[in-house]
Amino acid sequence: DAGITQSPRHKVTETGTPVTLRCHQTENHRYMYWYRQDPGHGLRLIHYSYGVKDTDKGEVSDGYSVSRSKTEDFLLTLESATSSQTSVYFCAISVGLQETQYFGPGTRLLVL
Amino acid sequence: AQKITQTQPGMFVQEKEAVTLDCTYDTSDPSYGLFWYKQPSSGEMIFLIYQGSYDQQNATEGRYSLNFQKARKSANLVISASQLGDSAMYFCAMRAPLYNQGGKLIFGQGTELSVKP
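Each protein sequence line maps, in turn, to chains A and B.
So the first sequence is numbered by my numbering: it starts at 1 and just counts up by one.
So the second sequence is numbered by my numbering: it starts at 1 and just counts up by one.
Derived from the structure by calculation, the hints contain no laboratory data.
Bear in mind that the values here come from a model prediction, so they are computed numbers and not experimental data.
Cβ atoms here follow ideal geometry from the backbone N, Cα and C, with glycine treated the same way.
Among the hints, erroneous ones may be present.
As the list claims (entries may be wrong) - Derived Cβ-Cβ restraints for the label pairs, each shown as a range:
#	chain 1	residue 1	chain 2	residue 2	range
1	B	99	A	28	16 to 24 Å
2	B	116	A	28	39 to 47 Å
3	B	80	A	112	44 to 52 Å
4	A	28	B	12	40 to 48 Å
5	B	81	A	16	33 to 41 Å
6	A	59	B	46	20 to 28 Å
7	B	99	A	39	24 to 32 Å
8	A	8	B	30	38 to 46 Å
9	A	14	B	46	43 to 51 Å
Based on the provided sequences and hints, a complete structural model is requested.
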């Protein structure tokens with residue numbers, strides 16, 4: 001158990017509304033990541049963080065923003081949700097010398 | 001560009017038999033890490049095994065072993081003595097260097113393994 005939680009675990013929202021997903025870790029790991037998983041695409045990186053207030057874009061960052069004001073929390077915001085953002089969202093942390101990424105349980109988001 | 005290829009969308013194996021899931025990769029970086037993850041129907045991503053590009057020996061973790069053939073750029077997962085609980089989607093992934101989007105993982109498309117009783 002890598003001590004990663006995500007909230008909410010499930011969410012249904014309407015197009016155009018803002019949505020914030022939270023990732024929380026219980027240890028002080030520096031690197032945190034947000035991925036989305038879609039059929040036919042596997043997991044793709046949205047944004048990542050390498051420290052408090054240090055974030056950068058991944059390969060599918062359009063329409064998303066992130067914030068990290070504390071080491072333990074990494075927030076992903078959909079500024080104006082669209083149906084194409086219906087997906088499963090995973091948070092991950094990088095651990096140890098091997099930089100193994102451990103994943104949270106995921107958040108299923110449905111945008112109607 | 002880095003790429004992971006899993007050519008087996010689905011596989012069947014008899015309980016207690018061994019099974020090999022294929023993974024090939026492409027990278028120009030000399031230093032990289034290779035991972036396998038299991039995703040059961042419940043949806044969580046479970047880390048199984050890691051192989052570093054400079055590791056001389058194949059990684060093993062219990063019933064899981066990684067058949068690492070560097071010259072062929074392959075990193076196949078071998079599951080010995082399959083169990084019904086092994087039925088899941090399996091993903092091969094490669095870690096990009098830290099300067100490349102923070103060492104993101106690049107995933108293959110996955111192989112769905114079904115274990116028959």
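Hints, verified against the model:
Separation of residue 99(B) from residue 28(A) is about 23 Å and conforms to the stated range, judged on CB atoms against 16 to 24 Å. Between residue 116(B) and residue 28(A) the CB atoms are about 45 Å apart, so this pair conforms to the stated range of 39 to 47 Å. The given range of 44 to 52 Å is respected by residue 80(B) and residue 112(A), whose C-beta atoms sit roughly 45 Å from each other. Restraint check, residue 28(A) to residue 12(B): a C-beta distance of roughly 44 Å satisfies the suggested window 40 to 48 Å.
Taking the beta carbon of each, residue 81(B) and residue 16(A) are about 52 Å apart, not inside 33 to 41 Å as hinted. A beta carbon spacing of about 23 Å between residue 59(A) and residue 46(B) agrees with the range 20 to 28 Å that was offered as a hint. At about 30 Å, the CB distance of residue 99(B) to residue 39(A) agrees with the hint of 24 to 32 Å. Look at residue 8(A) against residue 30(B): about 42 Å separates their beta carbons, and that is inside 38 to 46 Å.
Taking the beta carbon of each, residue 14(A) and residue 46(B) are about 33 Å apart, not inside 43 to 51 Å as hinted.
Of the numbered hints given earlier, the model fails hints 5 and 9; all others are met.
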